[in-house]
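Line order of the protein sequences matches chains F and X.
For what it's worth, numbering that gives the first Met the number 0 labels the leading residue of the first sequence as 0, then goes sequentially.
For what it's worth, numbering that gives the first Met the number 0 labels the leading residue of the second sequence as 0, then goes sequentially.
These are computed hints drawn from the structure, not numbers from a lab.
Please read all numbers here as calculations on a predicted model, not as lab measurements.
Any given hint might turn out to be false.
Claimed, not checked - Once the Cα atoms are required to be at most 35 Å apart in a straight line, the calculated DSBU-like pairs of lysine-lysine come out as:
(1) X/159 to X/146
(2) F/131 to X/160
(3) F/212 to F/23
(4) X/155 to F/257
(5) F/253 to F/212
(6) F/131 to F/44
(7) X/4 to F/173
(8) X/146 to F/173
(9) F/201 to X/4
(10) F/44 to F/66
(11) F/23 to X/159
(12) F/257 to F/173
(13) F/253 to X/146
(14) F/23 to F/44
(15) F/212 to X/155
(16) X/160 to F/253
(17) X/159 to F/66
(18) F/137 to X/160
(19) X/146 to F/201
(20) F/173 to F/212
(21) F/137 to X/155
(22) X/160 to F/173
(23) F/253 to F/173
(24) F/85 to X/159
(25) F/212 to F/3
(26) F/257 to X/4
(27) F/254 to X/4
(28) X/4 to F/85
(29) F/137 to X/146
(30) X/146 to F/257
Unchecked claim - Calculated from the model, a selection of chain X residues having no Cβ within reach of chain F, i.e. all distances over 10 Å:
(31) 22
(32) 26
(33) 142
Glycine included, each C-beta is placed from N, C-alpha and C at the ideal position.
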Amino acid sequence: MALKGNLRDFSITQLLNLVNLACKTGTLVIEGPGDVAQISFREGKLAYAQLGHHDNTLAGILRRNRKISARQYAILQERAQNMGDKELGLLLINAGYLTQTDIIDSLQQYFIAIVRQLFTWVEGFFHFDTNKFSPSDKIPIRMDLENLIIEGSRQLREWEQLQQEIPSLDMSLKFMDRPGTNIRNVNLSVEEWRVVSYVNPKNTMRQIAQTTKLNELEIRRVVYALLQAGLVEIIRPGNAPVAIQPRAFPTTDKKEQKSLVNRIIDRIRAI
Amino acid sequence: MQTVKIVVTGPFSAGKTEFIRSVSEIDVVSTERKISAEAEKIKESTTVAMDFGRITVDAELVLYLFGTPGQRRFDFMWEILSEGMLGFIVMVDSVRPETFREARSILETFRAYAPTPYVVAANKQDLEDAWDLDDMRVALRLDPNVKFLPCVAHDKESVKKVLLELLYTILAEMESGNKA
Ligand SMILES: Nc1nc2c(ncn2[C@@H]2O[C@H](COP(=O)(O)OP(=O)(O)O)[C@@H](O)[C@H]2O)c(=O)[nH]1
Ligand SMILES: [Mg+2]
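So that you can see chain F by itself, here it is in the shape it has in the complex (with noise of 0.2 Å):
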């Protein structure tokens, strides 16, 4: 049966899991909401990742791993361009400049990062194509799979958690005021004091997120810290004041409605 659907009701880490288990070859391709990232396995173990058009070359992550300058970067992306990554990793080994292991770890490192940015992933179709393996112009890694299964499942149980603690990401955010507390004293990370410069009751945190680039874990993840904090306080969008709902009486007169509350009133305190 071909193996397809949504994370939505199978994670990432149950498909690694089945891979595993199942020893499975070929390549898992998955269409997320703003990437499409491909991971390739043989007999149950990770031999490639690459996500979008991310530059994957060999030069490129050599150069993220800062193994290479970005002067011998923009050398290799000049004059090696038609060179795949087998031959350049070749050549490097055989130049004595790099070693099969700084290659091999890169590698690893790279493929890690990308199957953890999809752990991020709650949404996306996936499918499982037997018959496409990692392109042969790349060096394949063997990989075991165990230790992000475990990454990936703590993972999800954050995600499971996040998403209870905010439910809905069509709400707002504002600051607490609470004297005596100073925002700028307290150590933000990057990704949260971007997200703190647009707090704003205006500002729902999905629109937050697409501004900031965050995905709906991420977004959770900083504006969970920024409440535990005590900085902010979730509110409906325009900080709109409780109201009641239009329906919820069977007349629109406001003096009918204000007496049916007030026999319903006296009627509750007769029970």
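Chain F is fixed; fit chain X with the ligands onto it per the hints.
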């Protein structure tokens, strides 16, 4: 006949059924019991208990109290039940802090539906292990303006007090709304 409704929500076992039963003039109807008895076949798909109670106010007016099903699986029903409600009550079990997160979550979910007036009840305050209201207020992250009331769901007077406080809140809201 005119009807108005108030929704009673809160985590599983917080005391919603007990609360409604204390003031309802009819047996608190559990949909689960009713359906499974009549139609064995659909039992599996309707294992959710929903309570509702009734208070006849006078010849023209009836107040319904709707309890929400506890399981998250049925939370779409919350929104359906909340449609056109006068206000809602969140019941929290004062002896089970492990349910406070769920209570917060339910409160936030209801708040997101509509800006309806609500009160929160710290239920089971008769038990020795009940948390203090001040501590619960912080743990539940309640807005200081929201009424937070002690409650014992099988004590009619206590339930009446919670209902009345919600109605006073509604009345006050209508009055301030009128002025604006
Ligand atoms: N001691 C005490 N027990 C209560 C109180 N309210 C409910 N209970 C008990 O708590 C359990 C769960 O109550 P129930 O109304 O079924 O909870 P629901 O799941 O929210 O409808 C029952 O055994 C009730 O008898 C209360 O105020 N005090
Ligand atoms: Mg019940």
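Results of checking the hints against the structure:
The straight-line distance between the Cα atoms of residue 159 of chain X and residue 146 of chain X is roughly 15 Å, inside the 35 Å bound, and the hint therefore holds. Simply put, residue 131 of chain F and residue 160 of chain X have alpha-carbon atoms about 67 Å apart, too far for the 35 Å limit, and the pair is violated. The hinted pair formed by residue 212 of chain F and residue 23 of chain F meets the criterion: a straight-line CA distance of about 34 Å does not exceed 35 Å. With a C-alpha separation of about 25 Å, the suggested pairing of residue 155 of chain X with residue 257 of chain F holds against the 35 Å cut-off.
Simply put, residue 253 of chain F and residue 212 of chain F have alpha-carbon atoms about 46 Å apart, too far for the 35 Å limit, and the pair is violated. Simply put, residue 131 of chain F and residue 44 of chain F have alpha-carbon atoms about 15 Å apart, close enough for the 35 Å limit, and the pair holds. Under the criterion of a C-alpha separation no larger than 35 Å, the hint pairing residue 4 of chain X with residue 173 of chain F is consistent with the structure, at around 31 Å. Simply put, residue 146 of chain X and residue 173 of chain F have alpha-carbon atoms about 21 Å apart, close enough for the 35 Å limit, and the pair holds.
A C-alpha spacing of about 31 Å is found between residue 201 of chain F and residue 4 of chain X, which places the hinted pair at or below 35 Å, so the restraint holds. A threshold of 35 Å between alpha carbons decides the hint, and for residue 44 of chain F with residue 66 of chain F the separation of about 25 Å falls inside it, so the pair holds. The hinted pair formed by residue 23 of chain F and residue 159 of chain X fails the criterion: a straight-line CA distance of about 62 Å is larger than 35 Å. For the proposed pair residue 257 of chain F and residue 173 of chain F, the alpha carbon gap of about 32 Å is at most 35 Å, so the pair holds.
Annotation: proposed proximity of residue 253 of chain F to residue 146 of chain X holds, straight-line Cα distance about 24 Å (limit 35 Å). Between residue 23 of chain F and residue 44 of chain F the alpha-carbon distance is near 8 Å, which keeps this suggested pair within the 35 Å criterion. A C-alpha spacing of about 52 Å is found between residue 212 of chain F and residue 155 of chain X, which places the hinted pair above 35 Å, so the restraint is violated. Restraint check: the Cα-Cα separation between residue 160 of chain X and residue 253 of chain F comes to about 25 Å, which is no more than 35 Å; the hinted pair holds.
Our distance criterion of 35 Å between C-alpha atoms is broken by residue 159 of chain X and residue 66 of chain F, whose separation comes to about 71 Å. At most 35 Å may separate the alpha-carbon atoms for a hinted pair to count; residue 137 of chain F and residue 160 of chain X exceed this at roughly 71 Å. Proposed proximity of residue 146 of chain X and residue 201 of chain F is supported: the alpha carbons are some 26 Å apart, at most 35 Å. A C-alpha spacing of about 20 Å is found between residue 173 of chain F and residue 212 of chain F, which places the hinted pair at or below 35 Å, so the restraint holds.
Of the supplied pair hints, the one linking residue 137 of chain F and residue 155 of chain X is violated, its CA atoms being roughly 73 Å apart against a limit of 35 Å. The hinted pair formed by residue 160 of chain X and residue 173 of chain F meets the criterion: a straight-line CA distance of about 32 Å does not exceed 35 Å. Restraint check for residue 253 of chain F and residue 173 of chain F: the C-alpha separation of about 32 Å stays at or below 35 Å, so the hint holds. For the hint pairing residue 85 of chain F with residue 159 of chain X, the CA-to-CA distance comes to about 77 Å; that exceeds 35 Å, so the pair is violated.
For the given pair, residue 212 of chain F sits about 27 Å from residue 3 of chain F by alpha-carbon distance, which is consistent with the 35 Å threshold. Restraint check for residue 257 of chain F and residue 4 of chain X: satisfied, since their Cα atoms lie roughly 15 Å apart, inside the 35 Å limit. For the proposed pair residue 254 of chain F and residue 4 of chain X, the alpha carbon gap of about 19 Å is at most 35 Å, so the pair holds. Note on residue 4 of chain X and residue 85 of chain F: the hinted pairing is violated, with a Cα-Cα distance of about 70 Å set against a maximum of 35 Å.
Distance restraint check for residue 137 of chain F and residue 146 of chain X: the Cα-Cα separation of roughly 63 Å exceeds the 35 Å cut-off, and the hinted pair is therefore not satisfied. For the proposed pair residue 146 of chain X and residue 257 of chain F, the alpha carbon gap of about 21 Å is at most 35 Å, so the pair holds. Listed as outside the interface, residue 22 of chain X is inconsistent with that label: its C-beta sits roughly 6 Å from the nearest C-beta of chain F, within the 10 Å cut-off. Non-interface call for residue 26 of chain X relative to chain F: holds, since the shortest CB-CB distance, roughly 16 Å, exceeds 10 Å.
With a cut of 10 Å on Cβ distances, residue 142 of chain X falls inside the contact zone with chain F, its closest approach being about 7 Å.
Hint compliance for this structure: hints 2, 5, 11, 15, 17, 18, 21, 24, 28, 29, 31, 33 are not met, and every other hint is.
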